[in-house]
Amino acid sequence: MQTNEFPKPNWIALRPRFLPFSARVDRRVPAVFLVLCAVLLLVLVLSVSYGAYKIALLDVLRAAVGLETSDPNHALVVRSFRLPRILLALLIGMALAASGAIIQGLTRNDLADPGLLGINSGAGVAVVGYITFAAMPNDALLPWLALAGALGASAVIYLLAWKGGVSSLRLILVGVGLASLGGALISYFITRLTLENAQRAYAWLTGSVYASTWPEVRLMALWLLVLLPLAFLFARQLNLFNLGDDIATSLGTRVEQHRLTLIALSAALAAITVTVAGTIAFVGFVAPHIARRLVGPTHEGLLISTVFVGGLLLVVADLVARWVIAPGELPLGVTTAVIGAPYFAYLLYKRGR
Amino acid sequence: METKNLSLAYDRETIIQQLSLSIVTGEITTLVGPNGCGKSTLLRGLARLLKPKAGEVLLDGKAIHALPTKQLAKQLGILPQGPTAPEGLTVYELVAQGRYPHQGFFQQWSPEDEETTREAIAITNMVELADRPLDTLSGGQRQRAWIAMTLAQKTPILLLDEPTTFLDIGYQLEVMELIERLNRERQMTILLVLHDLNQAARYSQRMVVLNQGRIVADGTPGAVLTKELLANVFKVQANIVIDPDSGSPVCLPYRTAVPTPHSNGANGHKK
Amino acid sequence: MTTPAASVSRSGNGRLIGRAVWLPVGLLVAIILLVMVLAISITQGAAELRLSTIYEALFAYDATVFDHLIIRTVRLPRVVAGVIIGAGLAVAGALMQGLTTNPLASPDILGISAGAAFAVVLGTFLFGGAPLLVTGVLAMSGAAVAAIIVYALASAGRGGATPAKLTLSGVIFAMFTSAFTTAILILDRNTFEQIRFWTVGSLAGRDWEQVLWFGPLVLVGLIGALLLSRQITTISLGQDVAKGLGQNTAVIKAFAALMVILLAGGSVAIAGPVAFVGLIVPHVARVVCGVDYRWIVPFTAVIGAILVTVADTVGRVVLRPQEIPVGVMLAFVGAPFFIYLARWKIR
Numbered sequence: 000m001q002t003n004e005f006p007k008p009n010w011i012a013l014r015p016r017f018l019p020f021s022a023r024v025d026r027r028v029p030a031v032f033l034v035l036c037a038v039l040l041l042v043l044v045l046s047v048s049y050g051a052y053k054i055a056l057l058d059v060l061r062a063a064v065g066l067e068t069s070d071p072n073h074a075l076v077v078r079s080f081r082l083p084r085i086l087l088a089l090l091i092g093m094a095l096a097a098s099g100a101i102i103q104g105l106t107r108n109d110l111a112d113p114g115l116l117g118i119n120s121g122a123g124v125a126v127v128g129y130i131t132f133a134a135m136p137n138d139a140l141l142p143w144l145a146l147a148g149a150l151g152a153s154a155v156i157y158l159l160a161w162k163g164g165v166s167s168l169r170l171i172l173v174g175v176g177l178a179s180l181g182g183a184l185i186s187y188f189i190t191r192l193t194l195e196n197a198q199r200a201y202a203w204l205t206g207s208v209y210a211s212t213w214p215e216v217r218l219m220a221l222w223l224l225v226l227l228p229l230a231f232l233f234a235r236q237l238n239l240f241n242l243g244d245d246i247a248t249s250l251g252t253r254v255e256q257h258r259l260t261l262i263a264l265s266a267a268l269a270a271i272t273v274t275v276a277g278t279i280a281f282v283g284f285v286a287p288h289i290a291r292r293l294v295g296p297t298h299e300g301l302l303i304s305t306v307f308v309g310g311l312l313l314v315v316a317d318l319v320a321r322w323v324i325a326p327g328e329l330p331l332g333v334t335t336a337v338i339g340a341p342y343f344a345y346l347l348y349k350r351g352r
Numbered sequence: 000m001e002t003k004n005l006s007l008a009y010d011r012e013t014i015i016q017q018l019s020l021s022i023v024t025g026e027i028t029t030l031v032g033p034n035g036c037g038k039s040t041l042l043r044g045l046a047r048l049l050k051p052k053a054g055e056v057l058l059d060g061k062a063i064h065a066l067p068t069k070q071l072a073k074q075l076g077i078l079p080q081g082p083t084a085p086e087g088l089t090v091y092e093l094v095a096q097g098r099y100p101h102q103g104f105f106q107q108w109s110p111e112d113e114e115t116t117r118e119a120i121a122i123t124n125m126v127e128l129a130d131r132p133l134d135t136l137s138g139g140q141r142q143r144a145w146i147a148m149t150l151a152q153k154t155p156i157l158l159l160d161e162p163t164t165f166l167d168i169g170y171q172l173e174v175m176e177l178i179e180r181l182n183r184e185r186q187m188t189i190l191l192v193l194h195d196l197n198q199a200a201r202y203s204q205r206m207v208v209l210n211q212g213r214i215v216a217d218g219t220p221g222a223v224l225t226k227e228l229l230a231n232v233f234k235v236q237a238n239i240v241i242d243p244d245s246g247s248p249v250c251l252p253y254r255t256a257v258p259t260p261h262s263n264g265a266n267g268h269k270k
Numbered sequence: 000m001t002t003p004a005a006s007v008s009r010s011g012n013g014r015l016i017g018r019a020v021w022l023p024v025g026l027l028v029a030i031i032l033l034v035m036v037l038a039i040s041i042t043q044g045a046a047e048l049r050l051s052t053i054y055e056a057l058f059a060y061d062a063t064v065f066d067h068l069i070i071r072t073v074r075l076p077r078v079v080a081g082v083i084i085g086a087g088l089a090v091a092g093a094l095m096q097g098l099t100t101n102p103l104a105s106p107d108i109l110g111i112s113a114g115a116a117f118a119v120v121l122g123t124f125l126f127g128g129a130p131l132l133v134t135g136v137l138a139m140s141g142a143a144v145a146a147i148i149v150y151a152l153a154s155a156g157r158g159g160a161t162p163a164k165l166t167l168s169g170v171i172f173a174m175f176t177s178a179f180t181t182a183i184l185i186l187d188r189n190t191f192e193q194i195r196f197w198t199v200g201s202l203a204g205r206d207w208e209q210v211l212w213f214g215p216l217v218l219v220g221l222i223g224a225l226l227l228s229r230q231i232t233t234i235s236l237g238q239d240v241a242k243g244l245g246q247n248t249a250v251i252k253a254f255a256a257l258m259v260i261l262l263a264g265g266s267v268a269i270a271g272p273v274a275f276v277g278l279i280v281p282h283v284a285r286v287v288c289g290v291d292y293r294w295i296v297p298f299t300a301v302i303g304a305i306l307v308t309v310a311d312t313v314g315r316v317v318l319r320p321q322e323i324p325v326g327v328m329l330a331f332v333g334a335p336f337f338i339y340l341a342r343w344k345i346r
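Protein chains in written order, with numbering that gives the first Met the number 0: chain L, 0 to 352; chain X, 0 to 270; chain G, 0 to 346.
So here's chain L without its partners, still in its complex pose:
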C-alpha cells in the first residue's frame, strides 16, 4: 500500500441525507452552473427589453412578475410577444444541446449532431414534400408531419444500421447517407414549387421562433421536464459508451438496449424542437463541445452544462437575429452558426491535434 497523499478527486459526491440518491459530478460544475445561470438571466432580461419598442430593464422585471409599470403596454409586449419567443428559444436550445451531447457521447464522434439521426432531413422531406404535393397545404398539419418525418427517419436509420447490433460507425455512415438523400430530395422539391411556396418552405427549413405562442412554450417545457431528467439518469451509461462498446459490455450494461433508449431520447429531444421551430442547425453540434471545455467529458456534469450552454447560445442568437437588420429579422438558424462558428474555430486553434 502507498503512503502517498491522494490528490483531491476532481468530483464532488452528492449524497443528500433525506433522499435514496447519490451521484458524482465534476467539481467545476457548481461554479460553471452558477455563472451560466447568471449570464443567462442577464441575457434574458436584456433580450426582453430590446426590440422596436424599448423597455427599461427594471420595467422588464416588473412586467414579468406582474407588477405595474409606468406604461400599461409594457405588460402586453413583454408577456404576449417577447417572453414566449425568448423562452421558446431557450427551451429549444436546451433540447437540441442535450440531444447533441447524447448522440456525440453514444457514437464517440465529435462531429455527430442530431442531424445524424435524420431529424432535420426527415422532418424537412415530410414538410416540404407535403407543401409540394398537397393541393391545399394546411399549415396546422406541419408540426405533426415534421414530428412524424423526424422520428420516422430516425427509426429507418436505426433499422438500417442494425446488423445483430448497431455499431457507431455504421450508424454514422447510414445517417450521413440518408441525410444526403433527404437533402437532395428537399432541394428537388424546392425547384418544383411556386416561388412563394418555395420561400415559405425554405424559411421553415432554416428554423425560426417568430410569432411563438404560450401553448408552444408550455408544450416544449412539458416535454423537457420528462425527457431531460431521463437523459440525466442515463449519464453513467453514456460515460461507458465513451470508453467503447467492449468496455461498456464488460462493465455490465446491456449495450444494445441502452443504445436504443439513448438514441430514442436524443431523437425525441430534437424532434419536438422541429415541430415548434423548424430545423435549427449547429446548436446540437457546438454546445456539447463548449460544455466539454468547461466541465470535462463525464456526462453527469456535461449534460447539465450542455443544456445551459445550448439555451444561452440560442437566446443570444435570437437577440442577435432581431438586432442586426432591425426592424427586419434573421432566422434563428442563421445567427446560431454566425455566433457559434468563430468560438469553435478558436477551440480548434487551441486544441492543437
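Be aware that one or more of the hints could be misleading.
As the list claims (entries may be wrong) - Distance condition first, Cα-Cα at most 30 Å in a straight line; then the derived DSS-like pairs of lysine-lysine: (1) Lys-153/X - Lys-50/X; (2) Lys-69/X - Lys-162/L; (3) Lys-242/G - Lys-349/L; (4) Lys-162/L - Lys-153/X; (5) Lys-73/X - Lys-7/L; (6) Lys-349/L - Lys-7/L; (7) Lys-73/X - Lys-153/X; (8) Lys-50/X - Lys-73/X; (9) Lys-153/X - Lys-7/L; (10) Lys-162/L - Lys-61/X.
Simulated from the structure, these hints should not be mistaken for lab results. Note that this is a predicted model, so its numbers are computed, not measured.
Given chain L's structure and the hints, the job is docking chains X and G onto it.
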C-alpha cells in the same frame, strides 16, 4: 470458468472450432499462439463480447450468456486490446467507471464506490497521477490506469488482452509484476493473451498454446515451451534455456523454420 | 506491406492472376463501359437518335443535318461536361479522404461546395442574374477561397493541419458560410428564385463554353492527382507513417489541396454543387482496386464519370418530358448504395 465445445465466428468465418478449456481458479493462465490463431477471439468469447456460434462458456456451471449482465460484471473483469478514452478524462474518473456494476439507478455514487476507487488506484501505484487526464500519461501509466478500472470492478476473475503490447520493456515488466501481485495478494484468477512467449513463461502458472483455432499444447511453461512446439507452431528454430534467476524457461529463436510441404503441424519436424 | 506489383489476388474460380495484369484490364473494361454508357446517353433526349447517327455526327459531320447539329451542339457537350464533373468530383473526394484519413471527407462535407454556393449567391445578390459562365467563375473562386480558408484554419495553432483538424475546420466553415447563404436566400426573393435551381446541381443546358472554360482546370487537376498519387498513398497510411518514411507531408498536402481546388472548383463551376460523387466513388474504387492511390485515382475518375453519365441519362428519361437534375438522381442512386456499402463492409 470453462468452455464446452465452444465455436466462435465472425460473420461466416469460423475462428474457434469446438474448443473445450477450463481455467483453474487462482492461477495465472496465458493464451499464446501465432498471429491469427484465434487467441484474442477466444478471450472475447470468454468475456461474452462475442456470442458463441455453438457450445457455451460456463461460469460456476452456469452459461454466461444467460446470466444478468450486471451480475456477470461483478464476477468477470475484462480489458480489451487498445482501449481508448475521451479527451480530458482523468485517471480518477476512468477508475470510477469500474464501479458501474455495483451501482443502482438512483444510488450512483456510494462511499463504498469512493473507497474502492481509491484502493484500485493505490494498488496500481497511480496515486500521484490520479488527477491527471489520461491523454497526458505515458503508455505504461495509461495501461495501469485501465487495469485499475477493471480492479475497481472488484471481480475474482480478470481477462486481459495483450496488456503489454506497444509498451517499452520497463513498462511491460511493470504491468506484468502488477498482474503477478494481484494474483498473489488477492488470489485473483487471471487469464491473459500474450504475444511474448518468454513473458508468458516467466509469469504464468499455465500456458495454453493455440494454433488455427485449436489447443495444441496445455500445461506448465516448462512442459509447453519446447523446441518441437516452436518449430511446428511458430515456425522458428530456437534454443530453450532456463533463466537462472526465476527458473522459468526462455526461448532464444535463431532462424525461421521452413515447413516441409507435407508436414501438417501435428507431428514434430526436426532437422 | 505488399506492393501491388508483387502481390497476387485470387479470383473467384481459384486461378491466380497477378494484380499487375488484373488492374490494367479492369481499368480498360471500365473505360469501355464508360464509352458505351456515353453512346447510349447521347441517343436519349427529346428525339431518340440512332447510334449510327452519332457515329456520322462525329466522323462524317454534315452541318445541314438537324440531328448532327443537335449531337454536336447540345448532347455531346452535355455528356462531356458530365464526364468532367464526374471524374473531377470523384477524384477530389478521393484526395480529400486520403489527406484527412477520414472516409466521410468529400467536397460537400468539407466546405468546398458551401464556399462555391456562397460566392454564387452573393454574386447574384449584388449584381443580379448572371449567365451560367459568370456563375461558374464565381463558383470556382468561392471553392478556391473556401479551400484556402479551411486549410489555413486547420493549420493554425499547435500541431499543424492534422486530419482531425482539417475535417473539423471544413465542417465548421461549411456551417458558417451556409448560414450567410441562407440569410441572403431568405431575405432576397430575387436571388432565391434564380439560385434554387443551381443549388441542386444539374447538367441541363451546359454547352461547349462551360466545358472549354472549366474542363482544362479539371484536367490539370486530374494529371496532378495522378502525379501525386504515390505520396497520397503514404499519407493515407497515417501521419506518423508518412513522416517515418521521410515524406515532407506539409508540401504534399498543400499541392494536393491545390489539386482539390482545381478538381472540385472546376466541377462545381460547370454543374453546381453536385453531392455524393465525391463521397461514394472513392469507396467503390477501393473495393475494386485496394488502397494504392496510383490505381484509386484512375479508377475513381472513370467510375465517377460512368456514375454521373448514368444518373444524368436516367434523370432525363424517367419522367420525360420533365427532367430530374443529376444532383438529385445521384442521391437516389448513391444513397442506397452507400448504405449498402456501410452495412456490408462494417462489422
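Checked hints:
Restraint check: the Cα-Cα separation between Lys-153/X and Lys-50/X comes to about 24 Å, which is no more than 30 Å; the hinted pair holds. Distance restraint check for Lys-69/X and Lys-162/L: the Cα-Cα separation of roughly 24 Å lies within the 30 Å cut-off, and the hinted pair is therefore satisfied. For the suggested pair Lys-242/G and Lys-349/L, the alpha carbons sit about 23 Å apart, so the restraint of at most 30 Å is met. A distance of roughly 33 Å separates the Cα atoms of Lys-162/L and Lys-153/X; the hinted pair therefore is violated under the 30 Å criterion.
For the proposed pair Lys-73/X and Lys-7/L, the alpha carbon gap of about 27 Å is at most 30 Å, so the pair holds. As the CA atoms of Lys-349/L and Lys-7/L are separated by approximately 27 Å, the hinted pair is consistent with the 30 Å bound. Restraint check for Lys-73/X and Lys-153/X: satisfied, since their Cα atoms lie roughly 7 Å apart, inside the 30 Å limit. Distance check on the hinted pair: Lys-50/X and Lys-73/X sit about 19 Å apart at the alpha-carbon level, within 30 Å; holds.
At roughly 23 Å between alpha-carbon atoms, Lys-153/X and Lys-7/L fall within 30 Å of each other, so this suggested pair holds. With a C-alpha separation of about 28 Å, the suggested pair Lys-162/L and Lys-61/X falls inside the 30 Å cut-off, and the hint holds.
Of the numbered hints listed earlier, the single one contradicted by the structure is hint 4.
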